[in-house]
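Now for the letters of each chain:
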Amino acid sequence: MKNIRKIVFEKDFKIILLKNKINIINYYEVLEINDDNIILTYEFGKIIIKGSDLVLTKMLDCEILIEGNIKSVEL
Amino acid sequence: MIRLIVKENKFKKFLKKLNDNNINIYKINKNTIIVDEKDLERINKIKTIYGVEIDDYVGIKKVIKNINYIFIFSIIISFVFIIVNSNIIYKINIITDDIEVKNIIKKEIRDYDIKIHSFKKKNYDIIEKNIIKNNKNKIEWIEIEDSGTTINIKVQTRKIKNKEKIGKPRNIIAKKNAIIKRINAKYGDVLKENNIYVNKGDIIISGNISFNNISKNIEAKGDVYGEVWYKVKTSVSYNDFFIKKTNELKKVIKIDFLNKHIYLTKNKYKYKKEKEVFKISCLFLPIRISLVEQNKIIKKWTVLTEEEVINKAKELSRKKINNKLKDKEYIIFEKQLKQIYFNSKIEVEMFFAVYENITDYSFIE
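As they're listed, the protein sequences go chains A and B.
Residues 172 to 246 in the working numbering are what the first sequence spells out, letter by letter.
Residues 34 to 398 in the working numbering are what the second sequence spells out, letter by letter.
Hints should not be assumed to be uniformly reliable.
Here are the simulated DMTMM-like cross-link-like pairs (lysine to aspartate or glutamate), alpha carbons at most 25 Å apart as the crow flies [stated by the list, open to error]:
1) B:Lys40 to A:Glu181
2) B:Lys359 to B:Glu341
3) B:Lys153 to A:Glu200
Distance ranges between label pairs, derived from CB positions [stated by the list, open to error]:
4) A:Lys185 to B:Lys303: 43 to 49 Å
5) B:Lys50 to A:Ser243: 55 to 61 Å
6) B:Lys71 to A:Glu234: 53 to 59 Å
7) B:Asn118 to A:Ile187: 15 to 21 Å
8) A:Lys217 to B:Ile97: 42 to 48 Å
Over 12 Å on every C-beta distance to chain A, these chain B residues come out as not near it, computed from the model [unchecked claim]:
9) Lys46
10) Asn52
11) Ile58
12) Tyr59
13) Lys169
14) Lys192
15) Ser323
16) Glu326
17) Trp334
18) Tyr394
If you are wondering where the hints come from, they were derived from the structure by calculation, not from laboratory data.
Backbone N, C-alpha and C define an ideal beta-carbon position, used for all residues, glycine too.
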């Protein structure tokens, strides 16, 4: 039961990197959205995602999904 | 959920604005976003400078919105119509030659409300038992068969040997036109001899015996065998097939809806023998789902030669006669009379002389 709660109400910050996709869980806010970079904030600072043709495909209050040619992720 | 269209040049800014206001966006496309319907009021407040339009509902809301209620209503009405109609009796067949028994059955089933344009009943077993109970002397056996919208009532009438007639004076007569071959007389006066031709109804063993000029009627006992002649016509087609079983087996889900059978399989066997493994029936709908085991059968067509057709026709004629025969009865002689040729078949006429029991009784009043 504890494990289920942990999965459902996840509080840890997480970055899941997939092919041409990046899923960020428990971010704070979006600072900038561009085709070449997207800047987000999280508990310990900023995340800069660089690449080309970057688009947001899902944006919930604790989760964001970005698609495009991702070149780098800077923390 | 609802889909919104946002003017393209301000799209990213609008996304940022939604994010700042903690509004969830479930899907983002070129210039469309999918958001929760409950957030629409908040979006309306912040959309002031952004060109935002409602495109369409998505998800269940869209399905509900697009439901064609007339279509669904007509489907429900159709189902109700089918169910009601398939549970109404449109025809009743009482299968018996006895008119008296037929009338009794008609009266009985009317009492149980089994009549045309009435609803079918479920408890046919009880009705059958009650009809037999009420008419012990007339009905031996009854079966009420539900065949779609038709009710078939098969009746076997009771044939009781009239007790009064047992021991009553009687003659033994010929049941058919025949040549007498054997007379086994226990009681009575034998009037005919072997190899004599008798017509139907002729007295063979008389129950009227005379001794010292005194005449007395007794119950004649015995049996008579005779040679009876038959002519049998049988047609056989040149095209014949034989069936061969294969080892190919498969389990298939079968859906029976009304009188239609639907098999959920890609490669259907053209000819098959099937055995039911498991079934689920629905009480309210005329539908049944079953798991059947199918055995593939090969059906091969061949063209018979003239000789083969005639031999087959002879064999079938012989079978027809043999099926009628009882113990001690047999075919004495057979002969082919003629054969008529048709385009696709041959009709063969056969003559049979049969050794048969021709015993019948006529009571002396």
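- Message: The hint says 42 to 48 Å between Lys217 (chain A) and Ile97 (chain B); measuring C-beta to C-beta, is that right?
- Response: 43 Å, holds
- Query: Does the no-contact call for Ser323 (chain B) survive, Cβ to all of chain A over 12 Å?
  - Reply: 40 Å, holds
- Does the claim that Lys169 (chain B) lies outside the interface with chain A hold up, using a Cβ gap greater than 12 Å? 71 Å, holds
- Indicate whether the distance between the beta carbons of Lys185 (chain A) and Lys303 (chain B) respects the range 43 to 49 Å. 59 Å, violated
- Query: Is the Cβ of Lys192 (chain B) farther than 12 Å from every Cβ of chain A?
  - Reply: For Lys192 (chain B), whose nearest Cβ neighbour in chain A is about 77 Å away, the distance exceeds 12 Å, so it holds.
- Query: Is the Cβ of Glu326 (chain B) farther than 12 Å from every Cβ of chain A?
  - Reply: 43 Å, holds
- Query: Per the stated criterion, does the least C-beta distance between Tyr59 (chain B) and chain A lie above 12 Å, as a non-interface residue requires?
  - Reply: 6 Å, violated
- Beyond 12 Å from chain A, beta-carbon-wise, is Trp334 (chain B)? Nearest chain A Cβ is 60 Å from Trp334 (chain B), so the label holds.
- Message: Just want to verify: Lys46 (chain B) was marked as not at the interface with chain A; is every Cβ pair farther apart than 12 Å?
- Response: Check fails; 8 Å does not lie beyond 12 Å.
- Message: Between the alpha carbons of Lys153 (chain B) and Glu200 (chain A), is the straight-line distance 25 Å or under?
- Response: 70 Å, violated
- Taking 25 Å as the top limit, are the C-alpha atoms of Lys359 (chain B) and Glu341 (chain B) close enough? Between Lys359 (chain B) and Glu341 (chain B) the Cα gap is close to 29 Å, so the pair fails against 25 Å, i.e. violated.
- Message: Please verify that the nearest CB of chain A lies beyond 12 Å from Ile58 (chain B)'s CB.
- Response: 4 Å, violated
The structure does not agree with the numbered hints 1, 2, 3, 4, 5, 6, 7, 9, 10, 11 and 12 stated previously, though it agrees with the rest.
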